[in-house]
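Colleague: Chains as they are written, first to last, in our numbering: chain A, 1 to 114; chain B, 1 to 115.
Calculated directly from the structure, the hints in this document are not laboratory data.
Take these hints with a grain of salt, some might be off.
Said to hold, decoys possible - Coverage of chain A stretches by chain B, computed from C-beta distances (three or more under 8 Å per stretch; other residues unrestricted): (1) 84–95; (2) 104–111.
Unchecked claim - Examples of chain B residues lying across from chain A (beta carbon under 8 Å, computed): (3) Gly41; (4) Gly43; (5) Pro44; (6) Ile48; (7) Pro52; (8) Lys57; (9) Phe89; (10) Arg102; (11) Arg107.
Each residue gets a CB set at the ideal place from its N, CA and C atoms; glycine is no exception.
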Amino acid sequence: DSGVTQTPKHLITATGQRVTLRCSPRSGDLSVYWYQQSLDQGLQFLIQYYNGEERAKGNILERFSAQQFPDLHSELNLSSLELGDSALYFCASSLTWGSNYGYTFGSGTRLTVV
Amino acid sequence: QQQVKQSPQSLIVQKGGISIINCAYENTAFDYFPWYQQFPGKGPALLIAIRPDVSEKKEGRFTISFNKSAKQFSLHIMDSQPGDSATYFCAATYDRGSTLGRLYFGRGTQLTVWP
């Protein structure tokens, strides 16, 4: 167990729907990162939050949004889902902003859009 | 564009052999190069990492070799074991600007170690 908890583990939904993925960071970690893993794009950075504030954005679609709450858990919202959004979504956490130490990934949420 | 290029895509090695995975990067601002190991159904887990001020780092059977002038780095797994069968990702990042903490990953190498 990495200490980073992601729920749900699996999600199957229809095109056009909206889903929310949840991440609880490792105890004491203030930074949360979201990554998308797909066969054609590999592991791609989506967005980073630090202590409730957005810090960096990658190639995140406008249909996707995220936030980090006061208790430091984070949610990734995916809307108007398309077949191509099917992927593994990983959350990672680290102690501080930009920390290269203790960058820990959760086990991911597998999203299938049908 | 892929900022970190990784090869080979897949690798089959006999038990006891040496596994070698190579990565190359373009951005000279990168200053931290981790390797991650991922088993099916799990997230990537940090294996070993290096900074460009050293040319080699060894942890047990795992060694990173770093060539700053060539902008290349590689992972060597000595005495490869069936339990090492996993997907390996190289990555790069730098501690500055708006990209603090963001990892740029290679496409991954699927390693299979035959007993």
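Colleague: Now tell me, hint by hint, if it's right for this structure.
Modeller: Going through the hints against the structure:
Evaluation of the coverage hint for the region 84–95 of chain A: fulfilled, as 3 residues show C-beta separations to chain B shorter than 8 Å, against a requirement of three. Counting residues of the region 104–111 of chain A whose CB lies closer than 8 Å to any CB of chain B gives 5, so the stated coverage by that chain holds, three being the minimum. The beta carbon of Gly41/B comes within 7 Å of a beta carbon in chain A, closer than 8 Å, and the hint placing it at the interface holds. Taken as an interface hint, Gly43/B checks out: its beta carbon lies about 3 Å from the nearest beta carbon of chain A, inside 8 Å.
With its C-beta approaching chain A no nearer than about 5 Å, Pro44/B sits inside the 8 Å limit, and its interface hint holds. Interface restraint check for Ile48/B: the shortest CB-CB distance to chain A comes to about 13 Å, outside 8 Å, so the restraint is violated. Taking 8 Å as the C-beta cut-off, the interface hint given for Pro52/B is violated, the closest approach to chain A being about 13 Å. Taking 8 Å as the C-beta contact cut-off toward chain A, the hint placing Lys57/B at the interface is violated, the least distance being around 14 Å.
Below 8 Å, beta-carbon pairs count as interface contacts, and Phe89/B has one with chain A at about 7 Å; its hint therefore holds. Taking 8 Å as the C-beta contact cut-off toward chain A, the hint placing Arg102/B at the interface holds, the least distance being around 5 Å. Proximity of Arg107/B to chain A holds as hinted, the smallest CB-CB distance being about 5 Å (cut-off 8 Å).
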